[in-house]
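2 protein chains.
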Amino acid sequence: MAVGPSSTEFKNVGGVRLACAACGIKGDDQLDLVLFEFAEGSVTAGIFTQSAFAAAPVLVGRRHLQMANSRYFLINSGNANAATGDEGVSDAEGCCKALSQRTGARPEEVIPFSTGVIGEKLQVEQITNALPDVAAGLDEGNWLQAATGIMTTDTRPKICSRQFEIEGQTVTITGIAKGAGMIQPNMATMLSYIATDGRANSEFLNAALLASAEQSFNRITVDGDTSTNDSCMLTATGATGIDIDTGNAAITFQAALDSLMQELAHGIVRDAEGATKFVAVEVKGCASEEDCLKIAYSIANSPLIKTALFASDANWGRIVMAIGKAGVPMDISKIDVYVGDVRLMLQGGKDPDYREEAGAAVMKEEEITITVDLNAGDSAETVWTSDLSHDYVSINADYRT
Amino acid sequence: MAVGPSSTEFKNVGGVRLACAACGIKGDDQLDLVLFEFAEGSVTAGIFTQSAFAAAPVLVGRRHLQMANSRYFLINSGNANAATGDEGVSDAEGCCKALSQRTGARPEEVIPFSTGVIGEKLQVEQITNALPDVAAGLDEGNWLQAATGIMTTDTRPKICSRQFEIEGQTVTITGIAKGAGMIQPNMATMLSYIATDGRANSEFLNAALLASAEQSFNRITVDGDTSTNDSCMLTATGATGIDIDTGNAAITFQAALDSLMQELAHGIVRDAEGATKFVAVEVKGCASEEDCLKIAYSIANSPLIKTALFASDANWGRIVMAIGKAGVPMDISKIDVYVGDVRLMLQGGKDPDYREEAGAAVMKEEEITITVDLNAGDSAETVWTSDLSHDYVSINADYRT
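In the order they appear, the protein sequences are chains A and B.
So for the first sequence, the numbering used here puts the first residue at -19; every next one is plus one.
So for the second sequence, the numbering used here puts the first residue at -19; every next one is plus one.
In short, the hints are calculated from the structure, not lab data.
Certain hints may be false.
To be verified - Listed next, the in silico DSSO-like pairs over lysine-lysine satisfying Cα-Cα at most 30 Å (straight line): (1) A:Lys264 - A:Lys274; (2) B:Lys274 - A:Lys6; (3) A:Lys6 - A:Lys(-9); (4) A:Lys274 - B:Lys274; (5) A:Lys101 - B:Lys314; (6) B:Lys6 - B:Lys77; (7) A:Lys344 - A:Lys264; (8) A:Lys344 - B:Lys6; (9) A:Lys274 - A:Lys344; (10) B:Lys(-9) - B:Lys6; (11) A:Lys314 - B:Lys101; (12) B:Lys274 - A:Lys264.
What the hints assert, rightly or not - Just a few of them, taken from the derived set where beta-carbon distance is under 8 Å, the chain A residues facing chain B: (13) Ala32; (14) Ala187; (15) Ala191; (16) Met301; (17) Gly304; (18) Met310; (19) Lys330; (20) Ser369.
Glycine included, every Cβ here is placed at the ideal spot set by N, Cα and C.
Modelling step: build the complete structure from the supplied sequences, incorporating the hints.
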C-alpha cells in the first residue's frame, strides 16, 4: 500500500541506455539486474552512505568514481554485498571486471551497486552469466524497467522527468529511485540514478547534487535507520551540447533538479513500508536551521506520533512531548502548533478555540502537514515522513533485510 | 502482556505512610490518587524530566523541593497536567494548598505529581474532594496499592525492596515505579518513589540517586520518546536512626539502591507497551562510555531491530546497520557481535561457524542479550529495551496520551 498517486511517465535522456534482467538472485524471474550505459564524455557526481559499515560496492564505487568518468553502472537487487569483508570487495570488483571485458571499458569506468540482504556472499557468477543478455538489451527507453529492477520492498517504481528550455533547446532530466525502509538522513536506504542530456563540469554537478539532496533525500525519514548501501548518482551526458553549468542555465537546471529529486524523495516516503499517510513536518520561527531540524526529526521519528498518525488521532500531547525532548532552547509560551490549517496549540497551551472534530477531520486525510512555529527566529525547515502501522511491523518482522 | 515474572512483595518503611483512592479522573472506580506521608525530619532528593515542556507539577515540584523538606507527595494518574500553561501551575499549587489546609503542613512541603493525558485541565475539585478519605486511609502497608494507583498503560505494578544490616540493625529501601511507553533517557516516562528508613543528608541522597539512575532509569529505552512528567524521588526518613551517608554504610546503601532501581527500571521495560522480549544491549571495547552508549541506543532504538526481535529473527544485517549509523569512529574489521553466547559476526564479517539454527534458538527466548565488541578500548555500557510488536502499534493507536 502506498500513499497518493504515482506516475510512470518519463522522457528518454540522450546519451543514456539502460537494460534490465532477471539473473536469479531474487528468484521467480524477478528483475534484479540493471545496467546503465553512458555516452563517452559523460560526467558523474555521486553521494554515498555515511555508515561506518559502508558496503563493498560503495567502497569500490567511491574509488572508481575518483579514478575515471563512469561509463557503466551495474546494479543488482536482492543482495546488498554488505558486511562481506575483503571477499565482498573482490566480488564487486569482479563484476566490474567482467563487464569491462565485455564492453571494452576500463574496470574503473564501471560503478557497482547492490541492495538487499546484508551479510550474504554476492552471487557473482549469476551476475556475470547474465551480462551478455543484459548488454544486448541496452536501449534509451528502458528507464521504467530499470526503476523496477532496483526495487526491494518497494511496492511501485519511482520515476520522473523534468524538461526545460535553454535558448530554444530542450534539456531533459530523468531519475529513478528505490527505498522503502531504513530511511534516515543523511541519505536514505535508497538508490537513486538521475541523468541529464545537458553538459556540465564535475565540480558543478557535485555541488548541484549536494544542494538538491539537502532539500530532498536528506529531508526524509521513515524509521530513523540508515543503510549500508545508500547511493545517489547524477550524470550529465552532454548529448544536447547545451551547457547547464553557468549563468541562468545553471539556475534553471538547479530548480528542475530540486523539483525532480523532491518528487523522487517524496515517492520513497509515499511508498514507505506500511505507510498509510504522507506527512510533512514544518518547523519555523527558530534561531537556526539546525534547531528546526532537531525539532522536525524529533517529531518525524517519534513512534508515538507515528502511531497517532496511523490512528488519525490529532494527539497534540505527543507533539508537545516531541518538541520538548528535542534539546532545543525555547520559550514554550510562544509556541503555536497546527495540523493542516487547524491550530491545536496557541502560545504553549491548548488553543481555546480548538475543537477535536476539526483536528480529527485533518488527521483523516492521507496527506497531512504538522506545523510548529516557535515564533523566535527566521529559520524554517521541512522534513517528510510516514506513519507507523501494523503493516510496518508485519513487513519488517517477516522480511530478512 | 509483560515479559518475565514480577513480584508484589515488599517491606514497609518506617516513617512512610501511604494511601490510595479512586477520585474519578480515570473513572470506573480505578485507583488514580496516591498520597505519601513522610515523618518530620525526612530528607528527599529528586530528579525531574529534561523536557523543555516540563509539566506544571514538575515546575511546582522542583520549586517546592528547593524550599522545604517534603512531608507529602500527592500523585494523580489519568491526567498529566502538562501543556496547561499558567492555569496548570495554579491547579497544581491549588492541590498542594488544599492538602496543606487539611494536614497543617505548609504548601511547599507538598510535592504534586501527575501522569496521563497531556493538555487537559486538571480535575482539581475531584482531587481535593477525595483528600479527606485519602488522608484517613494513610497506612504503612499500602505500598502495593500506591504502585497500582500510579499506573497508566502499565499492565502490572512495579514494586520491590532491599534490606541490609548496619551494625546489626536492619535498614530497608522500598520503591515503586510506573511507565510503559515514552521511555528514553534521560529519564523515562515514568514516576518512581523510593524511600528508606535510613538517615542521610540531602547532598548524599542527591548524589546517590543520580548515581543509581545512571545505571537504571537512564539506561532504558522503549521508543526513544521522553515525557513531560518524568520524576524520580528518593526519601530518607531516618526512622531507624541509622546513618547511611558515611563510610561503609554509604557503600552498602548505594549498592542496594543500585540493585533496587535496576529492578524497577527493568520492570518498566518488561512491561513496555506491547513487549514480548526483554533485551539487554551490551556494547564494549569502545574508546569511551559515550561511544558505547551511542552504539547501544542506535541498536536499542532501531525499529528494524525491534521488529526483528519481535519476529525472533537473528537479523545481524540490521545490527550491522545500526552499528554503522551510530556516528562512532570504528575499525569494522575488529568488530564481533553476539546474540546470547552465539557469535554472529567475527572481525566485521559473518562468523564462518555461525549457523542460523543457533541464532534462531537464542532469539526465541524471552530474554535476549545482544553484545557488540569493538575490541578497541576498555569502556562498556549496557542499555535495556523491548521489542516492537503489533501490540505496541495497537496500544498507541488507540490510547490518547
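So if I understand the rule, the pair passes when the alpha-carbon distance is 30 Å or less; does A:Lys274 with B:Lys274 pass?
17 Å, holds
Straight-line Cα separation of A:Lys264 and A:Lys274 no greater than 30 Å?
Holds, at about 12 Å.
Hinted contact A:Gly304 with chain B - closest CB pair below 8 Å
For A:Gly304, the interface hint holds, since the closest Cβ of chain B sits about 3 Å away, which is under 8 Å.
Mind checking the alpha carbons of B:Lys(-9) and B:Lys6 for me, to see if they're no more than 30 Å apart?
The given pair, whose Cα atoms are some 28 Å apart, holds under the 30 Å limit.
Is the hint on A:Ala32 kept, meaning its closest Cβ partner in chain B is under 8 Å away?
A:Ala32 check passes; min Cβ-Cβ to chain B is 5 Å, inside 8 Å.
Just to be careful, I want the Cα atoms of B:Lys274 and A:Lys264 compared with a cutoff of 30 Å; is the pair within it?
29 Å, holds
Would the hint linking A:Lys344 and A:Lys264 be met if the CA-CA limit is 30 Å?
24 Å, holds
Holds or violated: is there a CB of chain B closer than 8 Å to the CB of A:Ala187?
Cβ of A:Ala187 sits 25 Å from chain B, so the hint is violated.
Are the Cα positions of A:Lys6 and A:Lys(-9) separated by 30 Å at most?
Holds: A:Lys6 and A:Lys(-9) sit about 28 Å apart, inside 30 Å.
Taking 30 Å as the top limit, are the C-alpha atoms of A:Lys314 and B:Lys101 close enough?
19 Å, holds
Hint check: is the beta carbon of A:Ser369 less than 8 Å from a beta carbon of chain B?
OK, holds: A:Ser369 within 8 Å of chain B, min 7 Å.
When the least beta-carbon distance from A:Ala191 to chain B is tested against 8 Å, hint result
23 Å, violated
Hints 2, 14 and 15, counting from the list given before, are not met by this structure.
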